[in-house]
Amino acid sequence: MSSSTKTAPTSVAGTEYEAVIGLEVHAQLLTRSKMFCGCSAEYFAAPPNTHVCPVCLGLPGVLPTINRAAVEAATMTGLALGCAIAPVNKFDRKNYFYPDLPKGYQISQYDLPLALGGEITFTLAGVEHRAGITRVHMEEDTGKNMHASDPATGEGYSLVDLNRAGVPLMEIVGEPDLRSPQEAGAYLTAMRQILRYIGVSTGNMEEGAFRCDANVSLRPVGSAAFGAKVEIKNMNSFRAVERALAYEVERQRAILDAGGTIAQETRGWNEDQGRTLAQRTKEEANDYRYFPEPDLPPLTMDPAWVGAIGARMAELPATRRARFASQYGLREDDARTLTESRAVADYFEAALGDSATTERARLTANWILATLFARVSAETIGTSPLTPGRLRGLLDLLEGGKINRTVAQQVFDELFDSPDEDAAAIVARKGLGLVGDDGAIRGAVGQAIAANAQAVADFLGGKTAARGRLVGATMKALGGRADAALVNRILDEELAKGRRG
Amino acid sequence: MTLTNEQVEHVALLARLGLSDEERERMREQLSSILDHIDQLRAADTSNVAPTAQVIPLAPALRDDVVAPSLTVEQVLANAPRTEGGFIKVRAILD
Ligand SMILES: [Zn+2]
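Read top to bottom, the protein sequences are chains W and V. With this note's numbering applied, the first sequence covers 35 to 535. With this note's numbering applied, the second sequence covers 28 to 122.
If you are wondering where the hints come from, they were derived from the structure by calculation, not from laboratory data. Using N, Cα and C, we set each Cβ at its ideal position, and we do this for glycine too. One thing to keep in mind: the hints can contain errors.
Here are the computed lysine to aspartate or glutamate pairs in the EDC-like style, where the Cα-Cα straight-line distance is at most 16 Å [unchecked claim]:
hint: 1; chain 1: V; residue 1: 116; chain 2: W; residue 2: 189
hint: 2; chain 1: W; residue 1: 178; chain 2: V; residue 2: 111
hint: 3; chain 1: V; residue 1: 116; chain 2: W; residue 2: 134
hint: 4; chain 1: V; residue 1: 116; chain 2: W; residue 2: 184
Non-contacting residues of chain W with respect to chain V, defined by C-beta distances greater than 12 Å in every case (computed) [to be verified]:
hint: 5; residue: 150
hint: 6; residue: 181
hint: 7; residue: 182
hint: 8; residue: 241
hint: 9; residue: 306
hint: 10; residue: 451
hint: 11; residue: 486
hint: 12; residue: 487
Hey, can you work out the whole structure from these sequences and the hints?
Below, the structure is given as structure tokens:
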């Protein structure tokens with residue numbers, strides 16, 4: 035534990051406090067093998083203790099070897115967050131005893147981490163915020179514990195699975211720049227979005243691939259000093275983070291208002307009770323006696339290597355959002371929605387292809403956001419039976435005036451249900467092509483006028499809304515396949531004749 | 028620098044070592060003299076020396092991200108005092 039002996043601001047009711055929140059994110063790195071050995075890192079559904087070898091089991095005489103892909107993923111994260119990559123960084127041993135830690139120490143990075151001093155931007159209620167990133171460092175995950183009890187005696191015991199022990203992990207430490215639970219939630223959302231965009235982590239919080247601890251303190255508004263810091267653990271969802279922080283801020287405020295002092299401690303979020311509870315401190319758990327990992331020489335980061343990692347990094351969400359607005363002329367909120375997930379942004383650009391006029395881009399955006407999203411989500415869009423190419427085919431017909439909007443919706447449904455046919459084939463097979471024949475439309479208009487004398491009289495009497503009934507009748511007669519602009523023009527011509535006559 | 032008994036007990040606890048009174052006293056003396064030696068090293072002027080974490084002039088050999096075979100469950104559990112259903116069974120952990 036650090037030597038912080040900060041005193042809590044004691045005060046009386048009426049003092050205005052502000053929350054000071056910093057988040058520590060642990061994210062598993064998406065690699066095939068573990069951090070320091072060749073065991074599979076795919077632990078999630080594996081039978082217990084099947085991805086374990088002498089290295090991750092901590093048997094005597096073994097040596098760790100660093101997974102290059104893990105270093106690259108963590109480096110890319112540092113770059114994405116605007117950190118400086120340390121030319122030399124090193125691994126240290128963090129020593130403590132726990133059943134899920136077979137070696138008796140975790141290999142981590144202590145005083146010379148991989149990446150330092152970055153920044154993340156996030157948006158909350160339309161306002162852009164910035165928060166500092168202190169550092170990004172690499173480490174290894176621990177095993178998993180399950181709890182059980184003896185049915186005969188009722189005595190509790192624990193079961194340890196070491197498949198997760200040694201899975202590559204990075205810790206992203208944020209500056210205490212957040213001022214509300216909502217800001218913390220938005221920070222976390224933006225962080226996960228970046229990790230997913232650049233493909234370094236699944237960001238799945240429920241599966242434990244993305245975890246968050248928080249440091250929370252209160253201080254009088256206007257004060258630059260920090261209050262006593264409480265660490266909150268055990269928040270297993272985005273909702274839990276915001277709830278836990280809201281609870282903790284109020285808990286501390288009530289203590290301070292009553293003239294009390296905040297104890298510097300670790301508290302666990304209890305989802306069922308909806309409150310944070312002081313955690314029994316594992317005795318001396320914070321006395322980790324870090325020392326340099328003697329089995330791993332310091333890691334030097336060749337600038338050319340770091341440059342190559344940066345060069346193959348995917349475009350970041352904020353950059354892509356700005357580009358969607360400027361390059362394609364999309365509205366700000368459409369650009370934001372389309373870039374929330376990389377899969378959706380990729381789909382949009384694939385569906386747009388080379389036909390990137392502003393008009394076509396907006397048409398494509400509308401069809402994805404309004405129509406396609408009724409059928410798929412950001413998670414399933416990548417495997418949608420309506421591929422980007424098939425949507426492009428549909429929009430080609432629509433934009434080219436070969437079909438109208440009503441028919442396009444019908445073809446869209448067909449495309450979704452018959453994955454082998456493209457839009458043009460569906461239109462041809464079902465005879466859905468637009469009726470663009472002047473004579474046919476004029477005939478249908480004539481029939482509509484004849485059959486709707488009242489509507490005609492209403493229209494000529496000044497009720498312009500009655501015109502819609504005549505358009506509807508014409509369209510119906512043509513099976514909904516007429517060019518709407520043409521129907522309108524011919525209808526106007528025919529009605530004008532009526533007016534003259 | 029002379030360590031107190033409490034400091035020795037604390038370090039012993041962290042290392043999960045039980046010490047007899049006699050051992051504790053011996054450790055107290057030995058650890059104290061090691062710390063004296065460290066103090067002597069700290070007195071050296073290192074302002075012009077780069078921080079050194081390792082004296083072997085080697086960069087670590089990085090490993091390609093390739094999955095290699097693991098042990099069998101039987102091998103993994105061979106040294107575990109108690110097992111259950113492929114897990115290592117331990118006393119209840121208080122999280
Ligand atoms: Zn292993």
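Comparing the hints with the structure gives:
| no. | hint | in the structure |
| --- | --- | --- |
| 1 | V/116 <-> W/189 | holds, 13 Å |
| 2 | W/178 <-> V/111 | holds, 15 Å |
| 3 | V/116 <-> W/134 | holds, 11 Å |
| 4 | V/116 <-> W/184 | holds, 12 Å |
| 5 | 150 | holds, 15 Å |
| 6 | 181 | violated, 7 Å |
| 7 | 182 | violated, 8 Å |
| 8 | 241 | holds, 18 Å |
| 9 | 306 | holds, 15 Å |
| 10 | 451 | holds, 40 Å |
| 11 | 486 | holds, 72 Å |
| 12 | 487 | holds, 78 Å |
Checked against the numbered hints above, the structure violates hints 6 and 7; every other hint is satisfied.
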